[in-house]
Amino acid sequence: MNIKRILCLLLIACMLLSLAACGKGSKPASTPDSSSDSTATPSTEEKPVIDTSERVDLVFYVMGDPPKDEQVVEDAINEVLLERLNATVDFRFSTWTDWAQKYNLELTSGSADLIYIANWINYGTLANSGAFLKLDDLLPVYAPKLLEIVDEGLFNQCRVNGDLYAVPATWPEYTVSGVKYREDLRKKYDLPVPNSIENFEAYLLGIKENDPNQGLLTCTVAESSGLLTAFDGFMIVNFKYPWVNINGLPYGLAANYDTPSDVYDYWYSEDFIEDCKLMKKWADLGFWSRSALSDPNNDEAFISGLCVAEIAGQNPNKHIAAVNDFAKNHPDWESAYIAYGEVNGVIYPAAATQNGTAITAQCKNPERALMVLELFMSDESVHRLVQYGIEGVHYEIDEEGYYNNLSENFMYENFNTWNLRVNEFKLPQRSDAILNELFKKYEELGNKTKWPNINVYGNFTENYEDYAVERGAVSDVMRQYLAPIQAGFVDDVEAAISQFLEKAEAAGLQKCREGFIEQYKAYCAEYGYDK
Amino acid sequence: MRNKIKEPASTLVLRFISGTFAILGSIVCLFPFLIIVSGSFTDNMTILHEGFSIIPKKFSLEAYKTIFRAPKDIMQAYIMTTYYTVVGTSLGLFATALCGYVISRNEFKYRNHVSFLIYFTSIFGGGIIPWYLMYASVLGLKGSTIAIWFPALTSPFHIILMRTFIKSAVPDAITESAKIDGAGHFTIFFRVVLPVLGPGLATVGLFLALGYWNDWYRSSMFSTNSDTWELQFYLYNLMNAQTAIKQMAQYTGLSTADLPTESVKMAMAVVATGPVLLFYPFVQKYFVTGITIGAVKG
Chain A
42 MNIKRILCLL LIACMLLSLA ACGKGSKPAS TPDSSSDSTA TPSTEEKPVI
92 DTSERVDLVF YVMGDPPKDE QVVEDAINEV LLERLNATVD FRFSTWTDWA
142 QKYNLELTSG SADLIYIANW INYGTLANSG AFLKLDDLLP VYAPKLLEIV
192 DEGLFNQCRV NGDLYAVPAT WPEYTVSGVK YREDLRKKYD LPVPNSIENF
242 EAYLLGIKEN DPNQGLLTCT VAESSGLLTA FDGFMIVNFK YPWVNINGLP
292 YGLAANYDTP SDVYDYWYSE DFIEDCKLMK KWADLGFWSR SALSDPNNDE
342 AFISGLCVAE IAGQNPNKHI AAVNDFAKNH PDWESAYIAY GEVNGVIYPA
392 AATQNGTAIT AQCKNPERAL MVLELFMSDE SVHRLVQYGI EGVHYEIDEE
442 GYYNNLSENF MYENFNTWNL RVNEFKLPQR SDAILNELFK KYEELGNKTK
492 WPNINVYGNF TENYEDYAVE RGAVSDVMRQ YLAPIQAGFV DDVEAAISQF
542 LEKAEAAGLQ KCREGFIEQY KAYCAEYGYD K
Chain B
30 MRNKIKEPAS TLVLRFISGT FAILGSIVCL FPFLIIVSGS FTDNMTILHE
80 GFSIIPKKFS LEAYKTIFRA PKDIMQAYIM TTYYTVVGTS LGLFATALCG
130 YVISRNEFKY RNHVSFLIYF TSIFGGGIIP WYLMYASVLG LKGSTIAIWF
180 PALTSPFHII LMRTFIKSAV PDAITESAKI DGAGHFTIFF RVVLPVLGPG
230 LATVGLFLAL GYWNDWYRSS MFSTNSDTWE LQFYLYNLMN AQTAIKQMAQ
280 YTGLSTADLP TESVKMAMAV VATGPVLLFY PFVQKYFVTG ITIGAVKG
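These protein sequences, in sequence, are chains A and B. Heads up: the first sequence runs through residues 42 to 572, numbered per my numbering. Heads up: the second sequence runs through residues 30 to 327, numbered per my numbering.
Treat the hints with care, as some may be off.
Said to hold, decoys possible - So these bits of chain A aren't anywhere near chain B, every CB distance computed over 10 angstroms:
(1) Gly105
(2) Lys109
(3) Gly203
(4) Asp303
(5) Phe466
(6) Tyr522
Unchecked claim - Derived lysine-lysine pairs resembling DSBU-like cross-links, with alpha carbons at most 35 angstroms apart:
(7) Lys249/A x Lys86/B
(8) Lys101/B x Lys467/A
(9) Lys101/B x Lys109/A
(10) Lys249/A x Lys294/B
(11) Lys143/A x Lys171/B
(12) Lys196/B x Lys109/A
(13) Lys196/B x Lys45/A
The hints are simulated quantities; they were obtained by calculation from the structure and are not laboratory data. For clarity, every value in this text was computed on a predicted model and none was experimentally measured. Glycine residues also receive a C-beta, built at the ideal position from the N, C-alpha and C atoms.
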């Protein structure tokens, strides 16, 4: 009996020990060894010998869902990669479920080598906390072509505290904000083009007169959860102000694009009272429903005819989606789009950090990863493989040079590698014709601004650690007091505004403002926007 | 000859009231489901303009056509989910039954210590990141199907259930007599205890099976290949893709056409719950007996 017991305990102890040993082995504790090996091989002379004798398998983490022909195209890419660089790439997808959480987990648990970065997934904050490798020293040695392909201005926009952590895409995209409206109704009732606040009001009133049952706007608070504005309908004021950023600066501040470091107050000004009175007038005219503050967002309102215009969160792509949908379902309807920038004169392309590639800090083969990235962005045939699939199977290029999709199994940029876009290589799509037209228009307008086609505010990341509590309190006050004001549901606008400002002060508005202005002015000084 | 016992008035009133409440309760439960089924057979535009209704205002199979347009994907998801459910339930049952049996034996000197360890550690957890790191980094299971069925094999709740049931169903006398007759531990377990465990196994098995059928989280966290996705995750992901793309269109220029609409969401719900609904009536009685299993002693 005793011997049996002892044997059992010994067996258990052995199993536990073997498990523990297994665990240690799979931890990436061997990183320092392997990286010192591969960096020791190329000498630091002018023409380093890049050693590709060891096969490397890389993981490229991108957002979204995988295409159906993921394996097929990956195999084709890896065939070329093995030949040229003795490496393979496996694309891993975050899917759109819990993507924010999964992205962060991927960075923590670290199996990715190359990873998609963007300002909308906290590139600045992550770079600051050391999630990515510094690229300044590696680029000239392992990916010199990238230095030629990517403009220095774009690289500078990806710098965080002076260090470069990502390689941006080079195709300029205009993700401007604007107003999407029903052009067919405008023509039918002979109404003015809604390119200003007065004209927009006349447009809506005209439709209301002619068709009282037609829903006008379905504004909600879907795009207004931050510290800029509390109600979507309020975004119409962007027609008036040449602000450096749509909806101004947080905490009720503002600055004009031409003088970005000159911050002034908005919430305490007469202009603000005027604008809120306008909102009340519109609410009383019935432009949006009385339950607008609690209505859930309806993305399909415009395409199903429940509203005639949308003014918040509308970029050119949404307009084109509407155009395509109308072509299919309502051929007699027409969608038109006016960017706020066309009227207020402030247009700029999306920041370079809109789409970029970074190398994770735990990458064991950063040199090879960079070389693969360089190949993806510099070699046209490999670039086409990654972005469009296999020519002849998934796509073809017609006589005018447009991309034509041949198979549902791999669509345009189906690996979601928007970060690998290169201006010179990007194949235009026929459906992009409208988009390209718009972009051309915006580029011309953008060239006339003080900093031609530069997104001045785009790279600023606010570090609000010091006043996080006040910031949260101010946000709550905005949701509670500012939302009804901006939605026009209050009886006495001026009294309501003073009450709101009182509450905001009590919540710590001044502390937030001071913290923000200090950082923002430092940012402007660093980038030279205070000249 | 039937002798009808005359019921006192109070019983009839009680019956009437409880009957009414039960009927109202079942209507409240049934109503949403009817709307979902009817919504799945309705044309999408009608839903947007006129809302939902019990009988489809404009009948259309468009939603189902959209879901089954790529039948290979959804079939794969169905197959994988069935695989996970079968494997997970059987292994989980085995583990839980073994654990419950051991803890229930009076002759196991350390049963209280083991029970304490099991229950105590279920009170607090390390959070998502350590859990994820454990499976992805330490055990290296990211991407494998093991990571999807392994984490949910047992749970303290099931072990308690099993232990209580075995304690009441298998008195010490039986196992002692088997031991006297010369049976080893495993023989006792398989030949003596398991046959009597029917209801207990059915209950825990049902909990496990439903848990596996409905799971999507582990697929989301651990799978690197869409071939290993569970059904619920596949459907949930389709819906998330729609929301995300509509928001992302702000930034990345993805096309927003061809995304799941209201009716497709309804159809997805029907597709996901359909099979469970169909076999539920057959195993229902085990659920009922199972819940009361630990209640009666002796």
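Hints versus structure:
Distance check on Gly105/A: its Cβ comes as close as 7 angstroms (rounded) to a Cβ of chain B, failing to clear the 10 angstroms threshold; non-interface status is violated. With a least beta-carbon separation of about 8 angstroms from chain B, Lys109/A fails to lie farther than 10 angstroms from that chain, contradicting its non-interface assignment. Every beta carbon of chain B lies more than 10 angstroms from that of Gly203/A, the smallest distance being close to 26 angstroms; the non-interface claim holds. Residue-level check passed: Asp303/A sits 28 angstroms from the nearest beta carbon of chain B, beyond 10 angstroms.
Annotated as non-interface, Phe466/A keeps its C-beta farther than 10 angstroms from every C-beta of chain B; the closest such distance is 16 angstroms. No Cβ of chain B approaches the Cβ of Tyr522/A within 10 angstroms, the least distance being about 27 angstroms, so the stated non-interface status holds. Proximity of Lys249/A to Lys86/B is assessed by CA-CA distance (about 29 angstroms); at most 35 angstroms being required, the pair is judged to hold. Restraint check: the Cα-Cα separation between Lys101/B and Lys467/A comes to about 32 angstroms, which is no more than 35 angstroms; the hinted pair holds.
Between the alpha carbons of Lys101/B and Lys109/A the distance comes to roughly 10 angstroms, so the proposed pair stays at or under 35 angstroms and holds. For the given pair, Lys249/A sits about 33 angstroms from Lys294/B by alpha-carbon distance, which is consistent with the 35 angstroms threshold. Note on Lys143/A and Lys171/B: the hinted pairing holds, with a Cα-Cα distance of about 13 angstroms set against a maximum of 35 angstroms. At most 35 angstroms may separate the alpha-carbon atoms for a hinted pair to count; Lys196/B and Lys109/A exceed this at roughly 52 angstroms.
Restraint check: the Cα-Cα separation between Lys196/B and Lys45/A comes to about 26 angstroms, which is no more than 35 angstroms; the hinted pair holds.
Hints 1, 2 and 12 from the earlier list are contradicted by this structure; the remaining hints agree with it.
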